[in-house]
Amino acid sequence: MTFDLIRSLRQGEPWILMEQAASQVNWRQRNAVKKPGVMRLGSLQAVARGANGILFFQWRQSRAGAEKFHSAMLPHAGTESRTWREVQALGRELPRLNALLEGRAEAQVAILMDWHNWWALELDSKPSNDLKLLPGLRAWHRALYRRNIPVDFAHPESDLSRYRLVIAPHLYLVSDAAAANLSAWVERGGVLLMDYFSGIVDPNEQIRPGSYPAPFRGLLGLEIEEFVPYSPEGRNSVLTADGRRFETRFWADVIHLRGAEALARFEQDYFAGSAAVTRNAYSQGSAYYLGAELEPAGLEWLLERALAEAEVQPVLAGLPEGVEAQRRAASAREWLFLLNHNAASARVRLPVGGRDLLSGQAVGGEIELPAGGAAVIETVIDRSRP
Amino acid sequence: MTFDLIRSLRQGEPWILMEQAASQVNWRQRNAVKKPGVMRLGSLQAVARGANGILFFQWRQSRAGAEKFHSAMLPHAGTESRTWREVQALGRELPRLNALLEGRAEAQVAILMDWHNWWALELDSKPSNDLKLLPGLRAWHRALYRRNIPVDFAHPESDLSRYRLVIAPHLYLVSDAAAANLSAWVERGGVLLMDYFSGIVDPNEQIRPGSYPAPFRGLLGLEIEEFVPYSPEGRNSVLTADGRRFETRFWADVIHLRGAEALARFEQDYFAGSAAVTRNAYSQGSAYYLGAELEPAGLEWLLERALAEAEVQPVLAGLPEGVEAQRRAASAREWLFLLNHNAASARVRLPVGGRDLLSGQAVGGEIELPAGGAAVIETVIDRSRP
Amino acid sequence: MTFDLIRSLRQGEPWILMEQAASQVNWRQRNAVKKPGVMRLGSLQAVARGANGILFFQWRQSRAGAEKFHSAMLPHAGTESRTWREVQALGRELPRLNALLEGRAEAQVAILMDWHNWWALELDSKPSNDLKLLPGLRAWHRALYRRNIPVDFAHPESDLSRYRLVIAPHLYLVSDAAAANLSAWVERGGVLLMDYFSGIVDPNEQIRPGSYPAPFRGLLGLEIEEFVPYSPEGRNSVLTADGRRFETRFWADVIHLRGAEALARFEQDYFAGSAAVTRNAYSQGSAYYLGAELEPAGLEWLLERALAEAEVQPVLAGLPEGVEAQRRAASAREWLFLLNHNAASARVRLPVGGRDLLSGQAVGGEIELPAGGAAVIETVIDRSRP
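Residue numbers (the working numbering), protein chains in the order written: chain P, 26 to 411; chain A, 26 to 411; chain F, 26 to 411.
Because the hints were derived from the structure by calculation, they are not lab data.
Treat the hints loosely; a few may be bogus.
No copy is singled out in the list; a pair is fine if it fits within one copy or between any two copies.
[What the hints assert, rightly or not] The calculated DSSO-like cross-link candidates involving lysine-lysine, where the alpha carbons are at most 30 Å apart (straight line), are:
#1 K157 x K93
#2 K60 x K93
#3 K59 x K93
#4 K157 x K59
Computed from a predicted structure; not experimentally measured.
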């Protein structure tokens, strides 16, 4: 997620991983080592997400000072060490990827991220001070990552025209320009998925008057009368229109429909029967709203529905759990990254043949990735692919 | 309990609830809403306990600043909201109670509360720094509240002549005047119930010399040799003279009887067999002492005994669990409050007939209160009632 | 352990227990009392470990101030109290021990303790900031205490010639003089038991260059490539050369043998099969190394082996659990302390007869100690004892 965020800060321009640790850091309470192969896979993960350089902090492990137990390319143990050997091997391997430096990592999905919103959301005296932004970002990103669906992060005022699906987690603070931008993008066919405590304040952190969420009431086709934060033990549940039941916790919106359809309704509390998840057809697009903290299976259910409507495809479907696929693409070629994070080997059926830049071998049909193994397969771009 | 404390600060004079929240506050970690009907019941609870005015913070929910998520009579959502409707309904209802403004809430039981004692008790370097005053006050108040027995809070030096039972929780700091006041009140027939770590220091927080509790040794008919604070896991138990066994924790006094009878004795530790709960007949009254932290069932057992000796009666006996009864009385009339805190309706048999000021109906025999419902029944005072 | 440490600070010179509490202290969150007999046993424990004086804080319990709930020889309750009676009894008993004031408590085992190491070890930015010195000291001391094996604490640069076994827990910071001292002592026949994160920095807290642990590589016959701190949930296990399996947690060293033999090897993680516990024959002595945090049973297993090689004997073997034996010795006499910490009586077979200074009785063969009881048996020294 961090790699995707960093790439997105300059709209997909290539970037450099300035300082990574060869193994352990020194600033945690307990500083775990990176086990064999983990540093290499992490480096390739960065390249797959647009990095054109992989650098380390620090060359030689210090003898003195606060960072002397931070790992380095050359550890205290010297050159007779796995860390040194892994750094050397990576150094030999990276030049084989020179051809892909022109390639860009591209995404059809964006998650909205605005630092001003982050800061405002986490000021105190909120309905629930336990509402933080990053857990929401991570939950959506994790669900997309597990599907091998590339993700950008985007500012709410930025050009969203390249995306099919935009997710807006807890977009509490929103400018007039951002509100107009989102509505216009949905009008032109975008699929928006917004969740609770969005559209509440302006950039001066003043409540936007009229019932919540003032700038998105028309877009979402609903009004929210009040927020119901729950205690840590508090629970509710929702029943979906297609007959599934999911537990919710932490938060509930009391929603009045103003044109949206209810995809799921609360089952408990004084607002039982009112909508918890909604969808509003809006011009050529549509806007989903999630007014509760759904259990992970519920998040998957909602995301599947929005992905299907937006016709978003993964890099590669049907991969074994723990095998990551990412793609960089240039005008005439593209590079498929396959990273096996499992402790066992995995077989992957390739959509087209090509050449694995890491092994130098031609590959096609099916490829076997050893435990912790990786391939970077160069192919000619098939422009007929959607 | 807070309402009873506030009323007691001016010896039962009518008081005003200055700022209540129409729904959620904004200064908790998670700010729960007041569910439908809860604000009304709470308002009537205040009136039942002597309030002659119910005011709110704030009129209109703020747009900006730290209190913008504090509830208000008029919420962000505007007049199309249950909060506004509940505030309106209360405003329409309260004038029906104008007749009872002259009435006073009266009690036969007092819990002693002295801020100087509170501050001194919670200074550090104590036998157990986990001994706090409020949990003790709450435990006694809760047991009385559940019995629908009205309670005042009283300063230890104040006139106690109107009370039949006085409870002294952890009265660690006590002035000479207060000690003399309590003894004189028991002499004249009062029933005192004192618990551990009482009578230890004077108003300068200096130990009262002689064995503990120096100013109450004669009144209680005992001496305490030492305090035995327990670790969080530590337990003891007591066996009562009438054959019941209760668990104790947190604290034990090593008691030597000097005239008191033992109502219960410890069963474990090096002082097993010594008294844990005592009663001392003292002139026309009696003084109970509790030298341990009893489990709730044990507290009930002891309170029942003291209430019976003091001949204290509840406002109304035999009420269903969760139905609260309180009374305000004037020279010629009295008002019986019945508040149903349950999520189901409840039937209450009335001692005498009257008129429900809330519904405007004559009532008698048995009345049914809906879930969350209330009645305020005006009757002519029967001065033959004890 | 504290008594052993204090005695060791002046190399076994007699010392005085300056301030002990007659019962509870006042500076804990919950200040437990010393139950009957505990103060006496603790006092004799100090004498057994070299104390020639037992003093109290405070004579008379204060009436005012922060220490008024600290116990005293004369408590608030006055002379009619068990505390006063126990203090009196101790005062009558101690003069019977006057003869042993010339005796010294002696040990064949030392645990290394250097305040500079302690301070440096617990600075932050370590592989695991949860590594603290005292838990390690306590674990080794407890295992020796339970065996009734006397222990000194020694500075790493001090004369170790009187010891057969030296334990070095987490000797992270070590001076050149200390490193040379330890090696020379092993050369002359000493048995050293060192555990993880030892020999890492010099007195300026600068890494000692070369692979870990630079000053002890030759002595231990190994090199450590890297440290593997575990999360609180992390576990590994070791299988010993004699077929036993122990769980480890918290820490693992990745060890390369350079002459040492592996006494136990790790079973999990990427370094499975590498040594976790080693022994290196070194000139006339030997050096054990423990590169993991072993469960208590594993610590016992390793300690037994090192004690056997060093031919260290307990004060008295075969004692019931909870009976402590210590010895003070002078040129012509010695005094055997037997302290029964159990709540039940215990029988002890004596190696030789003598006179119990506490009871004044001649004893021999077998002696029965009541619950919480003690004996101090004076005998003529048998110089043929090893």
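We went through each hint and held it up to the structure:
1. K157 x K93: For K157 and K93, only the inter-copy Cα distance (19 Å) is at most 30 Å; the intra-copy one is 34 Å.
2. K60 x K93: within (20 Å within a copy, 50 Å between copies)
3. K59 x K93: within (17 Å within a copy, 47 Å between copies)
4. K157 x K59: The answer is both: 29 Å in one copy and 24 Å across copies each meet 30 Å.
Going through the hint list in order, the structure satisfies each hint without exception.
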